[in-house]
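Chemist: Residue numbers (my numbering), protein chains in the order written: chain A, 918 to 1330; chain B, 314 to 816.
Hints in this document: simulated from the structure, not taken from any laboratory.
All the pointers check out, no bait thrown in.
List time: in silico SDA-like cross-link candidates among lysine to any residue, alpha-carbon distance up to 25 Å:
1) A:Lys-1329 x B:Glu-380
2) A:Lys-1329 x B:Gln-458
3) A:Lys-1329 x B:Val-328
4) B:Lys-332 x B:His-551
5) A:Lys-1329 x A:Ile-1114
6) A:Lys-1329 x B:Pro-327
7) A:Lys-1325 x B:Arg-578
8) B:Lys-511 x B:Tyr-751
9) B:Lys-804 x B:Phe-491
10) A:Lys-1329 x B:Phe-399
11) A:Lys-1325 x B:Ile-659
12) A:Lys-1329 x B:Asp-477
13) B:Lys-804 x B:Asn-513
14) A:Lys-1329 x B:Val-415
15) A:Lys-1285 x A:Leu-1271
16) A:Lys-1329 x B:Thr-322
17) A:Lys-1325 x B:Ala-656
18) A:Lys-1329 x B:Pro-403
19) A:Lys-1329 x B:Gly-385
20) A:Lys-1329 x B:Asp-382
21) A:Lys-1329 x B:Glu-416
22) B:Lys-537 x B:Gly-550
23) B:Lys-804 x B:Thr-480
24) A:Lys-1329 x B:Val-379
25) A:Lys-1325 x B:Ser-579
26) A:Lys-1325 x A:Ile-1115
27) A:Lys-1329 x B:Glu-371
28) A:Lys-1285 x A:Ala-1016
Treat the numbers as computed from the prediction; the structure is a model and nothing was measured.
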Amino acid sequence: MTVLLDKARQRQTRVTGVILISIALLLALFLAPDATGNATFRLSRPNDTWPVPNLVVPGGAFIYVVSAFTAFLGVRLFLRGGAKWAPLILGVGLAVAVAAFLVWATAGKSFSLTGMLQASLVRAVPIALGGLAGVLSERVAVVNIGIEGMLLAGAFTGALVGSLAGGLAGLAAAVAVGGVFGFALAALVVTYRMDQIIAGVFINLFVLGVTSYVSSQVFQEYRALNNAPVFRAIEIPILSDLPVIGPVFFNQNIFVYGAFILAALATYYLFHTRYGLRARAVGEHPRAADTLGINVYRTRYVNVTIAGMVAGFGGAWFTLGSVGRFDEGMTGGRGFIGLAAMIFGRWHPVGALLAALVFGFADSLQQKLALLGTPIPSEFLAMAPYIATIVVVAGVVGRARAPAADGKPYVKE
Amino acid sequence: MRVELRNITKRFGPVAANKGVNLTIEPGEVLGLLGENGAGKSTLMNVLCGLYSPSEGEIVIDGNTVEFDGPGDAIRAGIGMVHQHFMLVPVFTVAENVVLGVEPVGRADHLDLATARAEVERLSEDYGLAVDPDAIIETLPVGVQQRVEIIKVLYRAADVLILDEPTAVLTPQEVDEFFQIVRSLCDAGKAIVFITHKLNEILDISDRIAVIRRGEIVGSGDPKKLTRPELAEMMVGHPVDFEVARAPFAPGGVILDVKGLTVLRSDGAVAVDDLSLQVRSGEIVGIAGVQGNGQSALIEALAGLTRPVSGQVLFDGQDITFASPRERHRMGIAHIPEDRQRAGLIGTFSVAENMVLDSYYGPPYAGGASIDWARVHTEAADIAEQFDVRTPSVRSDAAHLSGGNQQKLIVARELSRDTRFVIAGQPTRGLDVGSIAYIHSRLVAARDEGDGLLIVSSELDEIMAVSDRILVMFKGRIVAEYAPHETPVDKATIGLAMAGAAA
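Please model the entire structure based on the sequences and the hints provided.
Modeler: Quick look at the structure:
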């Protein structure tokens, strides 16, 4: 019998192998001959404390090497199996393929790798915070499709209040409004047992409608209402001088630091505290929690409200952490990608953050590639983050397990 | 600790689930609470453990009247309940489950799992409840999960333990072990309320018995003086005949031949593992086994609801391995599904509609595109009467029938036509004694008419009562076979096989 199971797994491994081999062929046949000259990656800026020489990669040769390596991985998987490692090997293969792609695009030119990594981190912020909000609410079994709307509400409130009363007030207001929508979602799905998906979609549409209306009718007229200050990057002494790592991790604004700190706090809360244990119990087996005297409804209200506040904070990034003004629908689906990050991250705050970094990288990669003037149409490049989402969620995640009661309302007997 | 329930009444809307119940629970004693499903046992205990608040009456602990606002209060008062469906978080460890709700914490609300682990170890040593505090619940067998539930209650310093149908999920051996645990808890001065509908068990374990029927205590007594028939009569309200009359065993040829069948669960794990069996005409083959050993997958594969990954199913010599459910139905195979509400009927459809779910599409009910509803209703009414389905009208929703009548409705639909083979999964689960006897008699009648029957049940008593041949399923395989009409076999032997001893 185990033979049969092995067969199914083996087939999967073989498919993975074939994918890797085809990637290798694509690299060798199309990219490698086209990559003439060296690709120069700048790691330091001219006036850095500890300058690092540029990374110069011979284009064609590098791609051939990567192609050979990927082909080797693919053939090995195909022939030898090893189902356990297949997802990891696929991940490695995809990663080096992306590197080869980058080298091809840069061949004969030069660009700042550090800059791109820095941008990846910045672009990962709303996704990470959206994902974190998702983790916090789904851990208590409330599916939060409304994160997109909460981000948008945070962005809008940040811009409006920020313009009137300054950045910190704007940030506080964004967090508060996010919390209000979190509370509203909790009320709809916990107390009134509305379908969680519909409640979330309702929040998204409501926020999109209201903010678009105000921004087109009011902000057009009174431009001062939509002109908020932007939080500047805070340099952490000494650490920010480190080559590559410094500018990427230690010279960012409070939203980037905030995402990291919140992910750490959420991890501590969920997995190392009493209330975190209770929250997870409510997400897995609410009736068991109820029989032990844990208030299921209150736990859901509190966690979903906190999730809303996190999303509100993430939303403020769009305005207070980035451009200082609100535009209609400016969140552009980051909340949904955040949910994908949550799944990819297996409902763990740190996992969601790491997944968000992958998506942030895809996002900043497409932007850089557009700047490098590759022959690929920019529309296709703009798809990169979404394609990355699909590939990652469908292929690499494997069998991730949602909280058992996820999406189900709890009815007290 | 002495707990008294005084004049407890619990109403849900106009329906009274408990009416004026008086009950005393003494320390160091096992109180057996006997009653059929739906008699109001669980409601009463949910009142006692704070999940429900009583409509009338009071709970008195050591002379003081108490009021519980939620289960937390009852736990603090020293009343702990082990629910029939375990209240354990499957992905948590034993220690996490035990402390949930009353967790030991350090600074910054930091969960002190070391203390939790030590507590679990202390309790498991004190009461002889061997369990690993770091094991994940879902990896543990149900017998061990039950021990965790008990440790959980003891950790909360309960003096009164309510055990709701604790043996439903256990093998006979595990039941023996479990009874020892109950005894040792009693010796430690705990008061135990043992809720069950099984007569043998209550006679074995109780110091005192109270019988509940339709929400009222209808009798109580000393287990040493009471007999099974007496108890059964108290529980049901009329004398019960335990024996099903049956024609002498005279099997015909093989009608169902399963060869090397392998079926996977939806997650890819093996449910039925290279299983072979044969059923002859005029024979009831009973499959015993602890739930979750592949019985459900076997039934689904035989009914055509799951595609096996290998093996062959021959019906009367014809290969039906991949035949559709309707093809099987037309060949005369009847299927009484395990879960009547999920797979047996459609609750929001009327009794008549449910009665023709398998035959609405052809004559006599349908000609061309329309259904002859008048015909459906008259036929359904006939069949309902014939099969003792008690319903106000065949136009009532099936969901409004009692469990027993729902099951009779399904049996009526499946057996009212000319059948040759019957697959029945848990045919009497959760039913009252009267309905059980009726359904058993119908199944035996089908056998006497020359049908082959395959009955899967986790109730060993049921298997032993109706089967001509008993197979034991363990981890997807048949591990033992008994022919009681040739050599009598006892429960203990089958129980060992159910626990995997023969494998």
